[in-house]
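Starting from the given sequences, assemble the full structure and let the hints guide the process.
In order, the protein sequence lines correspond to chains H and V. Taking this note's numbering, the leading residue of the first sequence gets 1, the next gets one more, and so forth. Taking this note's numbering, the leading residue of the second sequence gets 1001, the next gets one more, and so forth.
Don't take each hint at face value.
[Claimed, not checked] No more than 25 Å apart at the CA atoms, straight line, and that leaves these computed lysine-lysine pairs for PhoX-like: (1) V/K1016 with H/K154; (2) H/K39 with H/K177; (3) H/K91 with V/K1171; (4) H/K14 with H/K39; (5) H/K177 with H/K131; (6) H/K41 with H/K204.
[Claimed, not checked] A few chain V positions that, by computed beta-carbon distances, are all more than 10 Å from chain H: (7) V1135; (8) L1191; (9) S1252.
[Unchecked claim] Partner residues aside, some chain H positions facing chain V, computed with beta carbon under 8 Å: (10) L61; (11) T66; (12) P67; (13) R92; (14) H93; (15) R95; (16) S109; (17) L110; (18) L126.
No lab work stands behind these hints: they were computed from the structure. Glycine included, each C-beta is placed from N, C-alpha and C at the ideal position.
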Amino acid sequence: MTTSENSSILLDIKDLSVQFNTDSGVVHAVNHLNLTLHKGKALGFVGETGAGKTTTALSILQLIQTPPGQITSGEIIFENQDIRKMTEAEKRHIRGNRISMIFQDPMTSLNPIMTIEDQIVEMISLHSDLKGPDAQKRALEMLALVGIRPERSKDFPHQFSGGMRQRVGIAIALACKPSLLIADEPTTALDVTIQAQVMELIKKLQSVVNTSFLLITHDLGIVAEICDDVAIMYAGRIVEYSDIRQLYDHPMHPYTQGLFDAVPRLDSPLGGKLSVIQGLPPDPIDLPKGCAFSPRCPNAKEICFEKECGMREHEPGHFVNCYFPLGSKEGGNP
Amino acid sequence: MAKSNSMLRYTLIRLKRNYLAILGFVVLLVLISCAVFANQLAPYDYAEQDYMMIRKPPSATHLLGTDEFGRDVLSRLIFGAKISLQVGLIAVSISLLIGGTIGAIAGYFGGRMDNILMRIMDIQLAIPTILLAIVISSALGPGLFNLMVAVGITSIPRFARLMRSSVLSIKGQEFIEAARAMGASHLRIILMYILPNCAAPLIVQSTLSVAAAILYTATLSFLGLGIQPPFPEWGGMLSSARPYIRNSGYLSIFPGLAIMITIVALNCIGDGLRDALDPKQKR
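Spelled out as structure tokens, the structure:
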């Protein structure tokens, strides 16, 4: 995945592998993952539970618990610097300041004994020279930006609803105007109407603060609304990467196709069965030898069980990790 | 310092609504002023003996009576407040500081560090507390400071274990990971995020430990390893009153009452503080 316009690349992950040493064996959570994120773009990171999405996000921030976790290979180039080679102090400077994160569960991701204003001030004072009233003023601005009235700034997290807490989380994450915002399933813990509000807010603020955005989700609908590019992840690998139009128009990896088929349609006949991808995701301790999806793939041929294909560009900007991508002339399905 | 102000202010507001805690604070204040102004407050000197007034029950001249050497019990109680409070508070501070630090490090960093530190604590727990206190204070020699150190050291493992378990339960929560993602350092996370969140059990344990420390002091004094006579100490007074419990019960009742009132007051304060420090208790 090389791109000509190198200057516009914000984050370039090369050959990243992460494993966890557990009592039952070595869990290969992320395997030789390559990913590029351009400045100002929003990338959707889709995959089922356990595919390694969160692990990848935490690797970017270098927050993998070691032990048991361990990054075994790869480079994470962020703004032309390899994060893995940085000192602990440099990493702390990056976290929150250049790359910040919105967490999945707003109920637990805020400190229960600090007022929300103090929590934003904490983020600001960690990474800037603003002190006392200046930092406080900035915190109130951030709260206003996410639509929380200033008189509530002295309240504690438990006095807010889930949706408002997630707004506070967003305010904290954006307080230092990071160049990369990672959101790890930011709306999973919220109900559908609040989901829409929160996603809209993130989208709006992404352009206000002018940050790149990495959205981790299993919801293909949200990705379609918000993102510019999509990466589909399966068993610790990217299986398909493309801009949103191409991917939603004609998915090329059988797994992606399976995901789309599994989305219930409003116009499908009542009583019909939902279509599913047969089988289960592979055990990350004991991954299949060839393509990780081969045991479940309807189009798998002999070579799929022998050796993984690797990412190939089948159309400009459309990368697929499959020998027989759907709809291509090289073989596979018509 | 707008930050600490707001937290402190909320805590004080909540504390003010808790009458028991206020009462506890008042009692503690009275005890502390007794200790500080003992020379002015006490009607007699703590060592002043009057052989005409041996083991006399409470009367107008000796409000709480006199002991077996004719010394005024009230004066001895007032002077004793100094020692008892000092030992209780400083001994607990020693164990809270050392035990808390060990527990926090063990819990936060885990792994080998946790194993080594907690096994050392286990070894200490295996030694009977009183025996350990006796060994330490006889090794250090009698004296007020050594007594506090001895009593302090004996309750280190309890604080370490409590701290470690609280830290472990807080550490797994998402807001700690969020703090790391904000770029906070380990020290900052321990001090600003983990410690305040596990303050509640520690405060309760501390107030209870003050009581235990006063009693340990009494035990050691009884064995001659603590405060040396004639200097008064509540536990020591209690144990020296033991032979006279049948005829002069008041001799053991008043020091016992003093210890009880102190402990109840401290427990009220502890309870109040725990509630006040928890923002969810806001009413």
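Given hint H/K131 paired with H/K177 - CA-CA distance at most 25 Å: OK: H/K177 and H/K131 at ~17 Å, within 25 Å.
Regarding the hint that H/H93 lies at the interface with chain V, is the smallest CB-CB distance below 8 Å? Since chain V brings a Cβ to about 7 Å from H/H93, closer than 8 Å, the hint holds.
Are the Cα atoms of H/K39 and H/K177 separated by 25 Å or less? holds, 14 Å
Please verify that hint: H/R92, Cβ, nearest Cβ of chain V, below 8 Å or not. Holds, about 4 Å.
Report holds if the minimum CB distance from V/S1252 to chain H is greater than 10 Å, and violated otherwise. The claim holds: V/S1252 sits with its nearest Cβ about 44 Å from chain H, beyond 10 Å.
Pair hint H/K91 and V/K1171, alpha-carbon separation not exceeding 25 Å: holds, 20 Å
Tell me if H/S109 is really an interface residue toward chain V, meaning its C-beta lies closer than 8 Å to one of theirs. With a minimum Cβ separation of about 4 Å from chain V (threshold 8 Å), the hint on H/S109 holds.
Taking the least C-beta to C-beta distance, is H/T66 closer than 8 Å to chain V? violated, 10 Å
Would the hint on H/P67 stand, with a C-beta cut-off of 8 Å toward chain V? holds, 7 Å
Does H/K154 sit within 25 Å of V/K1016, going by the straight-line distance between their CA atoms? Between V/K1016 and H/K154 the Cα gap is close to 19 Å, so the pair holds against 25 Å.
When the nearest CB of chain V is found for H/L126, is that gap smaller than 8 Å? holds, 5 Å
Regarding the pair H/K41 and H/K204, is the alpha-carbon distance no greater than 25 Å? holds, 13 Å
Hint compliance for this structure: hint 11 is the single one not met.
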